[in-house]
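Could you put together the complete structure from these sequences and hints?
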Amino acid sequence: MKIVVAMRQIADLVEELEVDASGADIDREFVKFVSNEWDEAALEEALCLKEAHGGEVVVVGVDDVDFDQTLFGALAKGADRAVKLSCGFEGWMPTAVRAEILARWLKDEAFDLVLTGVQAADDLDGQLAGVLGARLGLPHAAVVVGLEPDGEGFKVTQELGGGVTLTSHATGPLVLGIQAARQAPRYVPISRIRQAMSAGGIEEVEVEAPPARAPRVTRLFAPEAKGRAEMLGDKPSEVAARILELIRAKGVGVS
Amino acid sequence: MLLAVVETRKIFGGTTHLERVFFYLLALVVLVVFFVGLGLRVKKYMAGRPLDAGRFRRARVPLEKPGVSAPIPLTQTGVDIAANRTVSRRNHAVGGAHLLLFWGFLGLLAATIIVGLDYDVYGNLTRIFGGKELSFFKGWFYLAYNAVFDTAGLAAIVGAVLLAVRRIRDSKSSVELDYTRAQKPKSGYSRAAMTAGDHLFIFGLIFILATGILLQGLRIDAAGFPSFERWTWLGYLVAAGFGALGLHGSTAVTAHFWLWWVHILTALAFVAYLPFSKALHMISAPANLMVRDPGNTRRLPPPPPGHAGYLDFSDFTSKELLGFDACTKCGRCHSVCPARTGGAPLSPRDLILDLRQYADRKRGIPMVLDWEERPDQSGPKNLEGRLAGEVIEPATLWSCTTCMACVEICPVGIEHVPTIVSLRRSLVDAGEMDPTLQAALENIATQGNSFGKSSRMRARWTKGLEAPIPDARKEEVEYLWFLGDFASFDERLQEISRMLARVLTSNGISFGILYEDERNAGNDVRRAGEEGLFEMLVEKNMEAFSKASFQKIFTTDPHSFNTLRNEYPAYGLDKPVMHYSELLASLISQGRVSLSGLGKKVTYHDPCYLGRYNRVFDAPRSVITSAGCDLVEMPRNRTNSFCCGAGGGRIWMDDSVLEERPSHNRIREAAELDVGYFVVACPKDYAMFSDAVKSTGNEGRMKVVDIVELFAEASGELALAGSAPEEAPES
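Each protein sequence line maps, in turn, to chains A and B. Using our numbering, the first residue of the first sequence is number 1, and each one after it goes up by one. Using our numbering, the first residue of the second sequence is number 1001, and each one after it goes up by one.
Bear in mind the hints are in silico, worked out from the structure with no lab data behind them.
Taking lysine to aspartate or glutamate pairs in the EDC-like style, the calculated list, with each CA pair at most 20 Å apart, reads:
#1 A:K32 to B:E1539
#2 B:K1453 to A:E29
#3 B:K1453 to A:E15
#4 B:K1694 to B:E1672
#5 A:K235 to B:D1691
#6 B:K1463 to A:E15
#7 A:K32 to B:E1442
#8 A:K32 to B:D1517
#9 B:K1362 to B:E1372
#10 B:K1453 to A:D12
#11 A:K84 to A:D63
#12 B:K1453 to A:E16
#13 B:K1463 to B:E1516
In structure tokens form, the structure reads like this:
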């Protein structure tokens, strides 16, 4: 089984993000970029599948800021190949563009599964798996929380919300947006990352950046503060009284 | 014919030639067993990894601190062994009894060697080469010999009886003597054989000593009380006792004959038993004390070459294997361990016993009793399983706070903490850890702090200070202040950091900070077993130091203090490192500040990494007493301080499985003292104990304060923290 994991870098949300002078992007100058946590879940699921059923894990992504770190981390965790797609793109990359770049590389690759994170901080709608699947003409699914080989294909479990899950059977190749792996992403010790770094092994591939067939961001805003949390005090009796008072005031039917 | 009286005695107690042959053949067999046993153990040590500067010795690094990390001179170790200082520590009764037995036994050993030299060596040599068997075991030498070694015999038996009485009397009540495991194997276990081994050892020893003294009495009685035997004073007294009981003449001769064989056979059996039992500690304990290395825990050893942590028997160093064999199960580590006290599945004693049993089984070395039995092949019987994870449970390894109380009190110089960390490294390498620890390590790897805050926010606490703190990267300062994560990011501690900054500024101290370039110093990262991340942090901090100009470093955090002071020199740091308590104490001793009496009744908690690790005991106390506080010492103070439970990465792990958190135990101890203030000199302590005071219901009775709060209040310039901060902390 050959599994491709598409990963991407996002601005570390512990940083104080600021809107840059253009007003249409975050200020990328001093921000740290880290691996998207859902992509890490996709990688974990791929590694678990490989460990359980054998196969090969190939990690691929566009050459974002500090992407090498993520690739070395993936190699240290047990990925077999790491591929960095250079395209000379600057600034924020729309998901449609990212999907197009990935698709251009993937069309020459043989694979059974493409896994990616269900969403990212800059792809909150979780478009990547869907757009990429459509672009490659392959079956795709999002919010995947369970994945097992099943005969010729795969048994795919998706979370539908409200505690409802949907399990379906699909024959590959598939493109899946992973919500959660079967286990939390593993820790990779720094010494192993450093070993991976000294071993090198990142394949660099030039891919021509496609014309951006995507909406253009015209302006970014910092989130507006809306109201504040009210602390209800320490004493349980007072807290209970206050909750009752609030429920009555807000009009929930208690009589 | 007149015969001159020659003061001597017959050596061999048998009568026939056959008996003589039997004795010597048996003695030969016993010596072969003894030396084969010892040889097997030495071969085991040699199968371990040598240290870098010698099999049992580590290369030194610059800036060793005498009394902290510097090697202990062999002369001092000699005195420690001779005086049983490590045994007497914190327990003079047991130490005194052990000292009697120690010197008594050594005396009797010398007595036996002297007789052997005379009878077997000198006698035979003179017979073979001179034609006539000679002896020096006569005359004044004989008299002095008996007078001296009877005293040794009495000392040994008194010591042995006292120790036996203590062992029986306290077997139920003493935590030290309770062999219940801290980590309970699912399959069950039995340590009855260990207890039997203890009893065999001490009662066997008493039996051999007692029969030796009785023999003297019977011999003198049978010989009709020659007057020169009064020098054999103990034997003479016993003989007088036999006489009074009416035991005389041929009855005494017969009794002597049989008792002689009983004594000789048990003594020979003891020699053969020694390398396979608890008695081995007579050799292994002094040997281990000679190779002990205080630097070893303060400055952790690097991983074995080629892999991250300990995986197999061959990863243990020769020194560690010797240490496992030195353990006497005295239980002092078991009693002081905060993890064991709190109900965690770790006892340093059990860990060492498990590892010893594992190592012996791996090498096929048998033990007479003294082994734990299990119905299955788990734990130390699991010779094929993973060393860290199966032989020793992960939960056991993760329970250690690295407080070093075990290393400190171990009478035989075992260094538990470096072994625990070496085993943890294998767990980290396999990614096996608490999710909260994983998150902390990931935060430290990406942002350089365990709080998961942006590294750019590190100096955010300085906002609100009237005088900005100099940037040591931009201007030259005398002191570089290294805060550590808690003092930088924890909101409760930021206020104390600001207070320290104000105190130092108003006293004209030239100091600066590294702003966003400071990284977690890595002390606890290293002790959690993440060596690679530790090295990365060292590189980042060393790079930041190289950009700054300063003469000395002082830290807020005792943990950072330890690694900067003891571990960073190996990576090139050549500046003196102090703790802020020392800086405050020096301001007082130089008379640069006058403090008014606060008249508060306080107690002080010695942080592990400041006190036990680095022997800074007096500086914080001088701040407290100079501020006019009445210092009531904790029952467990200085080197015996009890850990708050946060060290060694424990602060990033889940404590909810504990029956009693160490910090709660400590606050309950302080609550007995009837003091209003619990003074700390460590940011982690401040956080841990503030929580513990609340959750033990001591809020309102006791307040946790930092020494700088006392200093500031007593210097009259600043209000005691706890009043409203001058500016609300940034959210």
